[in-house]
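Visitor: Starting from the known structure of chain S, fit chain D onto it as the hints suggest.
Residue numbers (the numbering used here), protein chains in the order written: chain S, 1 to 106; chain D, 1 to 106.
For the record, the hints were derived by calculation from the structure and aren't laboratory data.
Warning: the hint list may mix true and false statements.
Heads up, the list lumps identical chains together, so a pair's fine if it works in one copy or across two of them.
As the list claims (entries may be wrong) - Below, simulated BS3-like cross-link-like pairs (lysine-lysine); rule was C-alpha separation at most 25 Å, straight line:
| no. | residue 1 | residue 2 |
| --- | --- | --- |
| 1 | Lys104 | Lys16 |
| 2 | Lys89 | Lys40 |
| 3 | Lys57 | Lys89 |
| 4 | Lys28 | Lys97 |
| 5 | Lys57 | Lys39 |
| 6 | Lys59 | Lys100 |
| 7 | Lys59 | Lys16 |
| 8 | Lys73 | Lys100 |
| 9 | Lys59 | Lys104 |
| 10 | Lys89 | Lys59 |
| 11 | Lys89 | Lys39 |
| 12 | Lys16 | Lys97 |
| 13 | Lys89 | Lys100 |
| 14 | Lys5 | Lys28 |
| 15 | Lys39 | Lys16 |
| 16 | Lys73 | Lys5 |
| 17 | Lys39 | Lys73 |
| 18 | Lys28 | Lys100 |
| 19 | Lys89 | Lys16 |
There are 2 protein chains.
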Amino acid sequence: MVSFKEFQGLDLRVGKVLSVENIPNADKLYKLSVDMGEKKITLVAGLRPYYKPEEMKGKKIIVVTNLDHVTLKGVTSEGMLLAAQEGNKVSLLTVDKDVKPGSKIS
Amino acid sequence: MVSFKEFQGLDLRVGKVLSVENIPNADKLYKLSVDMGEKKITLVAGLRPYYKPEEMKGKKIIVVTNLDHVTLKGVTSEGMLLAAQEGNKVSLLTVDKDVKPGSKIS
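Chain S with its partners taken away, still in its complex shape (with noise of 0.2 Å):
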């Protein structure tokens, strides 16, 4: 179990991607630039596979914004987004109402 201060630790926020480019020499990963409200993040994300740039650009997402940075193909991720996955499945997190760019979840 975890406590509720350990997962308030955690930074999560609404972004919106404003845009999806492919990684060179990486078959699954996306490069990703992303409205976080005050402002604009690279994230790398391996959803070639499950989604198509068109059905991302514009989408608002979920990014975890105080993970450690990693380094993938030469690009780095300033945060991870969140997406569930069932068996060959995966389906990105979002909000089901209009709320800004870099809104507080929790």
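Guide: Relative to the frame of chain S, chain D by itself:
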């Protein structure tokens, strides 16, 4: 900053809202019964100012399943649903494809 390992300690899953009831003597609280795939759990959520019961019933939501349980107004919440807040607007997190209750989020 939070490590990926700490993040992985959280168990986040898709749930499906089965029923929504008011909790007596609590203006803001709903008692939800939620299908988590292998089991059904009870959640307490302060969503009465923001959602009608019929807006929530059947909806896929996102639940932290391994938080310490809390008891509010005599009802024990066996997890916490996630929602985004922008001022006075609150939006549930959900999935953008139809994945099964119990599907793990990462």
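Visitor: If a hint holds in the structure, say so; if it doesn't, say that too.
Guide: Against the structure, the hints come out as follows:
no., hint, in the structure
1, Lys104 / Lys16, "both (13 Å within a copy, 23 Å between copies)"
2, Lys89 / Lys40, "between (28 Å within a copy, 23 Å between copies)"
3, Lys57 / Lys89, "both (19 Å within a copy, 24 Å between copies)"
4, Lys28 / Lys97, "between (29 Å within a copy, 19 Å between copies)"
5, Lys57 / Lys39, "within (17 Å within a copy, 35 Å between copies)"
6, Lys59 / Lys100, "both (12 Å within a copy, 21 Å between copies)"
7, Lys59 / Lys16, "both (6 Å within a copy, 22 Å between copies)"
8, Lys73 / Lys100, "neither (31 Å within a copy, 32 Å between copies)"
9, Lys59 / Lys104, "both (17 Å within a copy, 21 Å between copies)"
10, Lys89 / Lys59, "both (18 Å within a copy, 19 Å between copies)"
11, Lys89 / Lys39, "between (31 Å within a copy, 21 Å between copies)"
12, Lys16 / Lys97, "both (13 Å within a copy, 17 Å between copies)"
13, Lys89 / Lys100, "between (27 Å within a copy, 10 Å between copies)"
14, Lys5 / Lys28, "between (35 Å within a copy, 23 Å between copies)"
15, Lys39 / Lys16, "within (11 Å within a copy, 33 Å between copies)"
16, Lys73 / Lys5, "between (34 Å within a copy, 21 Å between copies)"
17, Lys39 / Lys73, "within (23 Å within a copy, 40 Å between copies)"
18, Lys28 / Lys100, "between (29 Å within a copy, 23 Å between copies)"
19, Lys89 / Lys16, "both (22 Å within a copy, 17 Å between copies)"
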